[in-house]
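**Student:** Listed below are the residues making up each chain.
Number of protein chains: 2
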Amino acid sequence: MWRTMIGEVRRRIGEELTLAGWVARKRDLGRIIFLLLRDASGVIQVTVKREDNPEVWETASSLGREDVIKVRGHAELSEVSHAGIEFIPREIEVLNRSASPLPFDPTGKVKAELDTRLDYRFFDFRTPRTSSIFKIQTQILRAFREFLLDRGFIEIQPPCIISSASEGGAELFKVPYFEKEAYLAQSPQLYKQMCAISFEKVFTVVPVWRAEKFNRPTHLNEIRQMDVEVAFASDEDVMRLLEEVLVYILEEVRERCRGELEVLGRKYEIPSLPLRRVTYTEAVELLHERGEEMEWGEDFSKPQERLLSSLVEEEAFFIKDWPTVQKPFYVMPHEENPEICHAFDLLYEGLEISSGTQRIHLPELLRRQILAKGLNPKDFEYYINCFAYGAPPHAGWSIGLERLTMTITGMKNIRECCMFPRDRNRLIP
Amino acid sequence: MWRTMIGEVRRRIGEELTLAGWVARKRDLGRIIFLLLRDASGVIQVTVKREDNPEVWETASSLGREDVIKVRGHAELSEVSHAGIEFIPREIEVLNRSASPLPFDPTGKVKAELDTRLDYRFFDFRTPRTSSIFKIQTQILRAFREFLLDRGFIEIQPPCIISSASEGGAELFKVPYFEKEAYLAQSPQLYKQMCAISFEKVFTVVPVWRAEKFNRPTHLNEIRQMDVEVAFASDEDVMRLLEEVLVYILEEVRERCRGELEVLGRKYEIPSLPLRRVTYTEAVELLHERGEEMEWGEDFSKPQERLLSSLVEEEAFFIKDWPTVQKPFYVMPHEENPEICHAFDLLYEGLEISSGTQRIHLPELLRRQILAKGLNPKDFEYYINCFAYGAPPHAGWSIGLERLTMTITGMKNIRECCMFPRDRNRLIP
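Quick mapping for you: the protein sequence lines, in order, are chains P and D. Going left to right, the first sequence walks through residues 126 to 554 as our numbering numbers them. Going left to right, the second sequence walks through residues 126 to 554 as our numbering numbers them.
To be clear, the hints were calculated from the coordinates, so they are not data collected in a lab. Be aware that one or more of the hints could be misleading.
Remember, identical chains collapse to one label, so a pair may be satisfied in a single copy or spanning two.
[As the list claims (entries may be wrong)] Below, computed lysine-lysine pairings styled on DSSO-like, alpha-carbon distance capped at 27 Å:
1) Lys195 - Lys326
2) Lys151 - Lys305
3) Lys326 - Lys151
4) Lys326 - Lys234
5) Lys326 - Lys338
6) Lys452 - Lys498
Just chain P, with the same shape it has in the complex:
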């Protein structure tokens, strides 16, 4: 490339260099102008003296905040400049001017409303806070894939347009597909099963959609799921995999995103393994002891999840052995007690960030469970038939990318952790 990144300048004092970036600040002292030049790697002070070069001086005088410039010159050590170096320009070229006033303060010192920031998301990406969140998200994804690829997992590409609901329950977005009616997938569930029963170990990061109408701080209508499915595995096998993946991600982010976590004022402990396993029944008892009213078989409310987290006194823990009535038809019931099933949730800092199950791999049992849920096996013939030609036992889980990003970055609104959030009201940008 034709330019040197600002982060590298310190190692190239005295050399003729070309920098490029944004004018983050300008201070005009009459005979001297200090420009703060910013690029993705850092900031540097550019010192322009009127007497040195009238042409450069004139250009520098005309600059405003967020103007994009190219600067040729050299760096010198400086005792005055706060970073210990300054850049002496021989030439400044304006690549693009910025309009003024700016939509909001890109340094983040003057706080802007979330809605304004989302409206001008392209500009918000420049603020240290927002850019830190997505640098962390990049490392979350990198660590997730790396961990699984190192263990021989195959990356799969489930389709997004599907012909019918895979799970039922949540509402689907319709997509007229030529002469047919189709839907946006709410989960890659069936597809990852179809892959795992042949490839054995598979993963994907894939967008999914739920047409739910409510607007909550933890809810979006388009999210990305990090999914895993493993053959010849039980729920306990994939719980071990999940806790290892979580710890690996937490370690990698802490190692590689020190600066970003500091910008966000975020510190976290790495949970030690194995994580505690609390059965659903134990969890209900814990809540009953604290006077919470709930029946065995009901799901926990969000406040109950948080209370439970404080009662269990662990940053991260599993709730396992859920009531079969709470879970979809494809979840493997316990052999000795079919009222409970091989399902688990992972709670991290009071938020459910993942859930998973062992699936039913036996066509006959699947048919019985579909009937028991009051559904018609005829509607699931294709699905059932997938397990007819030698399907091994298999299990898997799913992590919501934006939710995991929320807990790792300490954000309170999921919209902070999605580049271009989609909710009932927001479809732009």
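Mind docking chain D on chain P? Use the hints.
**Tutor:** Just chain D now, with coordinates in the frame of chain P:
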């Protein structure tokens, strides 16, 4: 995990092991049964003697192809068995029975029709040919992301549901979105630009949709794009990046997927860099010399692309400096001759696998080009405004994942390279 992969058995001769997998073949010789057991890592011969253990013998007798079993026992060196080892079972447990007849031959020796294979895709994944294609695709994606992450790129997540067409031209799928009308994105174009003008270097792998009605061997309605966008970069800068990424992917696949390439009977050379750059005008002249009839300004037909590849005599090469009329409004025209623009295609083995451009970062020029295309700048106010607050020059490109997989694996139909293809007629599975 409770089982040992078959690929590891050779290092653990004599130890008590548990294997699990599919019955790939059974030969019953009366007093001895040879089972071929297959898992994701390989195959092994399981030798069952009637005299050794009647119970194991009985289970073994009952087995059919693709039954899923768990086998406890130990491995012995054997001069008779073709791989030099055999497994002596102490216990066989059936995990799932397979229905019979099978949808088609999972060894791939008896060829099945593509449509049948796609109908039973979950089963087709077991054939050596299909499983090799997707193991290679996994490495293509790994290499692509690794190359970019090592160079400081940020992974971005463009939205899939959008409020309006980003490029126009190709048809869009409509998605009724609560009270509004929305569409499935045909390209992450605007979004990667919005990210690059702040993050500088970004990439994504993202599904995109085009509602085109024709059915061609190189065409699908849902594909995955591997996209890159770089700030402070020209078309030539990102062409260099593209050729380096391509060579890195080709090298990594050749290194890591020797066995898979062998299964597919596929060999390829790694092109040497820099790739040849042919201008659009030179390409037209080459075709004219061969008597092809076409006007300057027209696009090349698929046969012309293939002819051009044979005339240029390079496995991979760029066609650059396209006519401005051929490209979207956002492409930067040449300053000295606005009839041509900063756009390029990458042809590899006669197929266009990537195209890219330098974009217009100047709001006023963008407005003029929109008008010149006969479009209304009012419809693009949001887009134009993104470049109003200090947008650096930027450029990018896009590779179709399925197309790249096609060329690397040597497949002739893109449906082979998409796990669950979507075309006008196919929506299942």
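**Student:** Against the structure shown, which of the earlier numbered hints fail to hold, in ascending order?
**Tutor:** Of the numbered hints, 2 and 5 do not hold.
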